[in-house]
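K.L.:
Residue-level listing of the chains:
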Amino acid sequence: MALPVKGLEKLVSNPVAGNSAAIKEGASLFRANCSPCHGLNARGGGRGPDLTANRWVHGSSDTDIFRTITHGLPGTEMPANGFEDSETWAIIAYLRSFAPPKRHAASGDREKGEKIFSESGCSRCHMVKGRGGLLGPDLSRVGASRPVSYLIESIREPDKELSTGMLDPNNHYGLPLVYDTVTVVTAGGQRITGVAKNEDTFSIQLLDTDQHLKFFLKKDLKEVIRERKSLMPAYSEEMVSPEELQDLVAYLESLRGD
Amino acid sequence: MKKTVLLLGLLLGAWTSAQSQVSYERLVGAAREPQNWLTYSGRYSGWRYSSLDQINTGSASHLAMLWAFQVADLGQFETTPIVVDGVLYGTGQNDRAFALDARTGRAIWRYQRNLPEKLQPCCGMVNRGFAVLGDRLFMATLDAHVIALDTKTGNVVWDVMAADYHQAYTFTVAPLVVKNEVIVGVSGGEYGIRGFVDAYSTATGRRLWRFETVAGPGQPGHETWAGDSWKTGGAPAWITGSYDPELNLIFWPTGNPSPSNYGDDRHGDNLYSNCMLALDADTGRLKWYFQFTPHDLYDYDATQIPVLIDADWDGQSRKLLIQANRNGFLYVLDRTDGKFLSAKRFGRLTWAKEIGPDGKPIVNKDAVPNATGTEVCPGALGLTNWFSPSYNPDTRLLYVATSTECDIFTSAPQPYRAGHDFLGSVYVPDPIRRPSGALKALDPFTGIEKWEFKYFSSPNGGALSTAGGVVFAGESDGNFIALDARTGRDLWHVQLGAAIYSTAITYQLDGQQFVVIPAGSTLFAFAIFQQ
Chain Y
1 MALPVKGLEK LVSNPVAGNS AAIKEGASLF RANCSPCHGL NARGGGRGPD
51 LTANRWVHGS SDTDIFRTIT HGLPGTEMPA NGFEDSETWA IIAYLRSFAP
101 PKRHAASGDR EKGEKIFSES GCSRCHMVKG RGGLLGPDLS RVGASRPVSY
151 LIESIREPDK ELSTGMLDPN NHYGLPLVYD TVTVVTAGGQ RITGVAKNED
201 TFSIQLLDTD QHLKFFLKKD LKEVIRERKS LMPAYSEEMV SPEELQDLVA
251 YLESLRGD
Chain R
1 MKKTVLLLGL LLGAWTSAQS QVSYERLVGA AREPQNWLTY SGRYSGWRYS
51 SLDQINTGSA SHLAMLWAFQ VADLGQFETT PIVVDGVLYG TGQNDRAFAL
101 DARTGRAIWR YQRNLPEKLQ PCCGMVNRGF AVLGDRLFMA TLDAHVIALD
151 TKTGNVVWDV MAADYHQAYT FTVAPLVVKN EVIVGVSGGE YGIRGFVDAY
201 STATGRRLWR FETVAGPGQP GHETWAGDSW KTGGAPAWIT GSYDPELNLI
251 FWPTGNPSPS NYGDDRHGDN LYSNCMLALD ADTGRLKWYF QFTPHDLYDY
301 DATQIPVLID ADWDGQSRKL LIQANRNGFL YVLDRTDGKF LSAKRFGRLT
351 WAKEIGPDGK PIVNKDAVPN ATGTEVCPGA LGLTNWFSPS YNPDTRLLYV
401 ATSTECDIFT SAPQPYRAGH DFLGSVYVPD PIRRPSGALK ALDPFTGIEK
451 WEFKYFSSPN GGALSTAGGV VFAGESDGNF IALDARTGRD LWHVQLGAAI
501 YSTAITYQLD GQQFVVIPAG STLFAFAIFQ Q
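For the record, the sequence lines run as chains Y and R.
Numbering-wise (this note's numbering), the first sequence opens with residue 1 and increments by one.
Numbering-wise (this note's numbering), the second sequence opens with residue 1 and increments by one.
Derived by calculation from the structure, the hints in this document are not laboratory data.
Ideal Cβ placement from N, Cα and C applies to all residues, glycine included.
None of the hints are false.
Taking CB as the label site, the calculated pair distances span:
1. R:Gln70 / Y:Lys160: 42 to 50 Å
2. Y:Lys115 / R:Cys123: 50 to 58 Å
3. Y:Gly82 / R:Trp109: 29 to 37 Å
4. R:Phe340 / Y:Gly59: 54 to 62 Å
5. R:Ala418 / Y:Gly121: 55 to 63 Å
6. R:Glu354 / Y:Ala234: 39 to 47 Å
7. R:Arg489 / Y:Gly133: 36 to 44 Å
Using the sequences and the accompanying hints, generate a full structural model.
P.N.:
This is the structure we're talking about:
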């Protein structure tokens, strides 16, 4: 879909491409405005994809990126921005300044990977294109937002780099971390584990491991135990062989939301 | 004549007429008419305390909503309403304003300023409230004007420009009226402005004096700025000061030097950023200053309410000024001359080891931000921030909302461009430890913590305390809470559905005590349920 952008009705290229002063300004603007979602060095954060991977799902020309920054992406978390044109170009110059990453192209078989995904239990917790479980992140677009190295790490060592749940300074309604593992202990000693969908000083709302919503008042609980670990098991080589891992990653990499 | 009216009002105990005017004498004596809420902090001493006690530790569990007023706008709702003789006056997002029947919440008038499109307040299109004198309300606007509205109609009586909003000068502060002056301080510390505190004539809007908070050439303190850095030095003054009528001194705090997180181009202490200023109320002349965080690299604005308490100090009766500062220390100063008496930490901090006997911090050199990131506590939003503390003379405790957030600060030079943000890079919260908060009850003289009530999230709302032994506090997850002022026990709470970015006030009408709090875009009023 082509959205008209003022001054960008046709394809144009960045007037400050490669300009070191512009790259510096772009870095500063990026840190102040974009880093809460995309990470301090644009390598991806809790909510926004890695922008250093030279993987531009919504168009890779300067015009496309300009449009994405200016108008945002309806249907995603990417908002419209009020930068001046020169500032947007500076940000693009900054994003283009990263050396293209070494490609860890997934060498596996996509179709085999899809089979592993459904048979190894991944889809019990993860949604892809409207099918699957609710406990973990929806992976319908994961290939567009995460590099292969991240996907491998997430499977082998899911605790290593948890979604940081970066606080959104504009979120006045306080939706908290989505994939934090929480165990509550009831007055009767029952332990219920799940992910916290919401929480405040007085209450907590869980999606438990059976994918049922469970709500509690904290005054009725003995304890709320928060663990800095993922509910996702670490898939060792015994569980998913190196070859199967390549197949699985090939499948995940193919998921681009289209 | 006015004194007679005031006396009559005191005899009756409550004002039933909605027609009387607010004199300066009434502002000085605001503590004697708790049925009203006449200034931002309720009284000049900055206590945010009320001697009303109908809502108390026994009755608070019967609080119920009486009315709600919808501002019908988005963004942070930071107002502290003014209540005069049955009428409540408040401001809202995008410089809206309103007058309500304080009993029912029904609107008398609404005002909205016609704002220009390109405004750059750092932290939302917010306003913290009115000041009142006579039949006029005073408001400082986002496009850097000061205006007077008629109390009965909301019509503009005068409108003066204080600074150029194109250069990112804005106002968010609730003004302070002293005698015939309306006093305001500017915002824009994120944009390299040159800060000031101004006084305008309540009658005409004419500017009476200005105190520049960045010392320029020829001013004492100018030597604390390297080169031309003073020209973009920041030092905004965006929270309402306190006033001592006996000393005739206004105590007005200032904010961070610009750029906030990069100091290499502004070597020196950067006066008068992060200071408490004591200004002569008639002339705006500086009587004394005290700087809390010299050469700040962390955005530690000192824009917290100065709390004025007269108390014994080392066996001597003294006029004290107490401030729980964003940098994590609770300071005690002598407010007659600014002498430093003590500073005690009231939470986790790493930027300084301690405050030396001269009142200057002994900084931690490992905590200086660099290009790759340095973790520092408290974070840029501070151990506490602009939201009001409350001093309760019955418990002799200071109630302060606090945050546990630590941030990773990075630092890099940034060219100045007029009207653009000027931060010197950025900070992000520590991604591992989710920040939370607490309302702390502190001994204001020793800093000793008597109790704390833990919040799930970092707060943006302060505290109101009363003679009923209750502390009212609002938190970021939308809970409005009544706590026992002596123990911190939760007496009552209600979920208001949106983050609270302000602090409660209280007043009384027809024998009924109201407590009012903004949340989301709604002003809520609560009282003890009566059938």
